[in-house]
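Peer 1: Chain by chain, the residues run as shown.
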Amino acid sequence: MDYIIYGIITGCILIIASIGFSMVWKTENFLNIAHGQMLLIGAYMAYLFKSVLNFPFALSMICSVIATAVLGLLFAKVFYFPVRKSGILVLLFTSIGLSWVIYGVVQAIVGPQIRTFGLETSNMIELFGRQLLSYQELLIILISIVCVIVLHFILTKTKNGKGFRAMAENRDLAQIRGINSKKLSDYVWLISSGLAGLAGILLAMTGTLNMELGWQQILIIMSVVIVGGMGNLYGTMLAALIIGLSMDVSTMIVPTSYRTAIAFVIVILVLLIRPQGLSKGGAH
Amino acid sequence: MEILVFLSGLIALGGIYAMLAVALNVNGGLLGLWDLGVVGYFAVGAYSYTLLTIEAPEGLGLPMIAGVIGAAVITGLLSLFIGYTSLRLQNEYLLITTFAFAEIIRIIAGNEAWLTNGNIGFFGLDKPFQDIIPGSNYMLFFSGLVLLTLVLFYIFAQRLADSPMGRYMRAIRENELVTQSIGKKIFSTKLKVFVLSSSMVGIVGCFYVWYMSIIAPNMFTSTITFTVWTALVLGGIGNNRGAVMGAFVLILVQEGTRFIPVPAEYSVVLAGLRQFISGMMLILVLRFLPQGLIAEKFKSVEKLFKFHHNSLILEPKGVRENAASQGAE
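Protein sequence lines correspond, in order, to chains A and B.
First residue of the first sequence: 0, per numbering that gives the first Met the number 0; consecutive thereafter.
First residue of the second sequence: 0, per numbering that gives the first Met the number 0; consecutive thereafter.
Source of the hints: derived by calculation from the structure; they are not laboratory data.
Glycine is no exception: its CB is placed at the ideal position from the N, C-alpha and C atoms.
Certain hints may be false.
Claimed, not checked - In silico EDC-like cross-links for lysine to aspartate or glutamate, where the CA-CA straight-line distance does not exceed 20 Å:
hint	chain 1	residue 1	chain 2	residue 2
1	A	K84	B	E1
2	A	K84	A	D171
3	A	K84	B	E54
4	B	K126	B	E54
5	A	K181	A	E168
6	B	K126	B	E57
As the list claims (entries may be wrong) - Here are the simulated distance ranges between beta carbons:
hint	chain 1	residue 1	chain 2	residue 2	range
7	A	N159	B	I185	36 to 46 Å
8	B	R87	A	I4	30 to 40 Å
9	A	T207	B	G58	52 to 62 Å
As the list claims (entries may be wrong) - To spell it out: a stretch of chain B is covered by chain A in this simulated footprint if at least three of its residues, at any positions, have a beta carbon under 8 Å from a beta carbon of chain A; those stretches are:
hint	region
10	103-109
11	284-294
With the rest of the complex left out, here is chain A (with noise of 0.2 Å):
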């Protein structure tokens, strides 16, 4: 049971990281390596905040992910859109060019030491009588239940959204169609790095701080968008639960070591047996 648990909030953190993956992959067309290192900048920049200016958690974890934000859209202006004609080989490596960076200036300011946010631990749920999960990890599921609901109804229902749905089909028919791509594309880049950040930041919260947060978790979330299916929101939302089920869930079977090969295998299979994905959103 506990497994189950740990799988959910696995999964809840996963679909956080990868929705922003996903919707710069849909309309950028590249992989973006370096929104791993996202996810670190939103970690410590909530340590930041937290342990150094000593701002309440609640009010760090929104600065940061505004701060992680306007970087996110930053870099991208700096880094990604002056080279978008050169193709996607060269925004691929730019990407990883930018991860190193980012890991690089990251390391120099904060060092090799591992960090907590210094949580107190908080008191556990009963239910039934037996301790189901604490108030930080219902926290976290809460969170992104409301990102995703969030998510769905701004995509649904408001003009920019339908905006981007339309982007992500065919750029140029929905330029022709007099939706302005230049501005819908830095909102996709906001939104994707301030949900990078604050899956930095849950995921923080759930383990510790370290450097190796960005490339260990980017592996698992293109692992997740490609399971999911090529940009389909929905697919990877139901991919990262799937896969943080499995990789969790495993674990009473196989070596805890082993819980991110099993992301992988699933990946493996998923190409060899479904190469569109779990649903059928990849049009090529």
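Starting from the structure of chain A, add chain B where the hints point.
Peer 2: Same frame as chain A, now just chain B:
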């Protein structure tokens, strides 16, 4: 003397990465496969060499040369399996599958203690001709050995690139459908080249073991894959000279700064700065020289038969779109 040892160490490491870049250029550059699994074959080569040559009970205690050949064969067989399952996939999907395979290999190496001695690995491994060469000069000799092998790798890759097979590989890279339509077997070519390139990487694994004289799973993180790809992109995709140059430039920047004397409290800043410079280099090269430091050149048929004196067909000078700008639409 100190500086000589340091320099030869730098050359040895640069040479190892240059060999990796040349091997990767065969399938990543010429054939245009997005292969992010380099470190996986590297690890398999290194581990199979170690397990074949180390004394019993852990290993088989075979002579070194058998270990090197064994490393190439085992890596080739494994990549045959990986290639057979994943080469049907395109671009991003291939990239992630090979990446996933490499991670699985690393995780297995860290956990199957009966085979690989887990996270501890093996240390104090023998180096070639260790008994003949005195210890103080050994690095000098070793860098020579690396350079010699690099030359062999380079000649082999260059011959391959100039052969009909090499042209055919570029044709697949530029347009798979057209190549298929003139009756070429795409999948089996990809598989052949993939296995060849991986076996080359497996051989380089042996050199890495000799260089480090230890082997452990944490030596084989995905950073190596990214470093090799960065070297290849820096130097120019599809170009063996570029691959060698990119690798040496990158290693010089990364390792050269390691020996700048700084107070201990700044060493972390310096380590961060190193990553920063590598990343910035990659970004700037892509931005201003999308074809890398040396752009890929073609030996055209006209040139081969010395037709170019009276031919109207002129070679385009570095304006050709290469793999880096594929899919730009």
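Peer 1: Next step is simple, just say for each hint if it's right about the structure.
Peer 2: Verification of the hints:
1. A:K84 to B:E1: violated, 48 Å
2. A:K84 to A:D171: holds, 14 Å
3. A:K84 to B:E54: Roughly 56 Å between the alpha carbons, so the hint for K84 of chain A and E54 of chain B is violated.
4. B:K126 to B:E54: Given that 20 Å is the threshold and the Cα spacing comes to 14 Å, the pair holds.
5. A:K181 to A:E168: holds, 16 Å
6. B:K126 to B:E57: Within the cut-off at roughly 18 Å; holds.
7. A:N159 to B:I185: 36 to 46 Å: With Cβ atoms ~42 Å apart, the hint holds.
8. B:R87 to A:I4: 30 to 40 Å: Holds - the Cβ-Cβ distance for R87 of chain B and I4 of chain A, about 38 Å, lies within 30 to 40 Å.
9. A:T207 to B:G58: 52 to 62 Å: The hint (52 to 62 Å, Cβ to Cβ) is violated, given that T207 of chain A and G58 of chain B are roughly 37 Å apart.
10. 103-109: holds (count 4)
11. 284-294: holds (count 3)
In summary, the structure is inconsistent with hints 1, 3 and 9 from the numbered list given earlier, while agreeing with the others.
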